[in-house]
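Engineer: Just so you know, the sequences run in chain order A and B.
Sequence positions in the first sequence follow my numbering and run 39 to 351.
Sequence positions in the second sequence follow my numbering and run 9 to 180.
None of these hints come from the bench; they were simulated from the model.
Do not take every clue at face value.
Capping the alpha-carbon separation at 25 Å, the derived lysine to aspartate or glutamate pairs in DMTMM-like fashion look like this [as the list claims (entries may be wrong)]: (1) LYS65(A) - ASP39(B); (2) LYS109(A) - GLU147(B); (3) LYS109(A) - ASP118(B); (4) LYS109(A) - GLU114(B); (5) LYS273(A) - GLU234(A); (6) LYS17(B) - GLU234(A).
The model shown is predicted, which means the values in this text are computed figures rather than measured ones.
Residues per chain, in single letters:
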Amino acid sequence: MRQPPTFGPQNGLTMPISDRSRELIHKYLEAHALPSEVVELEVLLSTDPDVAGAFAEAARLDSLLKNHFRKQQKIDQVAALLQTSEASSGKTGARTEADEPAAPAEPPRLTGSTFVRRLWEPTRPRRSLARSLAATARRWPWIAAALLLIATAASVWVLRRPGRDSFQLASGRVIVADRDVQHVPEGVLFAVAGGEIAVLQFSHGTRIELTPATRAVLLQAAGTCTVRLNSGGGKITVPGDRPVVRVETELGIVTGTDCRFSVEFTTALPGATAATERLELPRLVVSVERGSVTVERGGVRTTLSAGDERVFL
Amino acid sequence: MDPQAEYLKLLFGCELEIRAFIGSIIRDANDADDLFQEVALTLWKEFSRYDRSRPFGAWAQGIAGMKLMQRWDQTKRLPVVLSPEAIEAVSRAFDQTESPPSRRAEALEDCLKHLPEKSRQLLALRYERSLKIDEIAQELKATLDSIYQSLSRLRTRLQDCVNRRLSAHKMA
């Protein structure tokens, strides 16, 4: 039995292919074909250019669909982030305007963009400087009490927070804003200076050995220690039952616990040398010595075990 | 133009097509990714020998085909499942395309907009979350065969829609 015309290799009208050929192509692409069916498809592909054309078309569609949905996934993630940010700024606005005079009638709003809308939000009426100072003076005792409370709470938090000394430099040189440091501050970009490996020993036993010229930011949250790697790399050792270590790069996120692995993240495109003629594409190289790590990239998770090395471009 | 910049421009221009070709022969996403990287490095090493009068995509595909054949193991049939003869036939078919991948992608976007929500959700499970048919069946509490049939029908429908749009564009 023949199907209505389908399209082959030339993207024009070609001979239709049989139901069976179509079925075999779909089964193959879904990894659903039996070994005997794969052999049957092989014969059809080798002998019938229309089947080969339909196969190429189906494979292209498969690839485009993957591409489309992965792109969509990223767009959704960004949209969710924007929505969260929009919602939180909306809440802040409501709180600060609670004790202000009533807003004037709302002007017409532009539709279609959440960003445009803000331009039309009413502005608050200005108060004179004298009135502002008088109001501040009346509130002074309350302001002082609030400041005292905040200072006390901040001191308690700084003294008690877990892993306060966790960014201790054990050996090598690390610089922050052109100054050598012994403690790497959280959330601040630092670089490994000099020609030696910089070793960061964490209070919970995790050890990070960074190669010279590495640039990164360290972050800590409950149960996770994050290294945001701008460039460079090194070896990371995470003891068992310790917080998860997460290495974030533009090409993927590496996560592991109870393991030893190394990462190398190259962003630049160094010139190819005539001797080697090798292209150094931006890449992330992950190799695992002990345990296993997960590499998440474009919505796909890959688990690497001891002995594995993988290059992500 | 700097050779590296020229190379990257050419490579990115046909990346989707090369990935589709490799992905059609090697069905495991990680293995396919590995081979694409290997092909990209080989292309760069051989770039000085690239004949600029020929389309870069066809040259790249030829090298990808060669790499695929090198990996074929008659006994294990993994990661390359199809025989060298079949790979060659598929490579020829990929070579004969007329529409640039970007136009195909646009046509697909249009076609997807006209799909019912339920169909889009099914495709999202398959391609966004990379679930296999049996995992989708489990998630949707449906039979394996019904999911397989639905996906096959959907792909055929999309394929026809994309081709119709490409033909219409060509006529216009």
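Engineer: Now tell me if each hint is right for this structure.
Structural biologist: Each hint tested on the structure:
1. LYS65(A) - ASP39(B): Distance of about 19 Å is within 25 Å: holds.
2. LYS109(A) - GLU147(B): Answer holds: LYS109(A) to GLU147(B) is near 23 Å, not above 25 Å.
3. LYS109(A) - ASP118(B): holds (15 Å)
4. LYS109(A) - GLU114(B): holds (13 Å)
5. LYS273(A) - GLU234(A): holds (14 Å)
6. LYS17(B) - GLU234(A): violated (37 Å)
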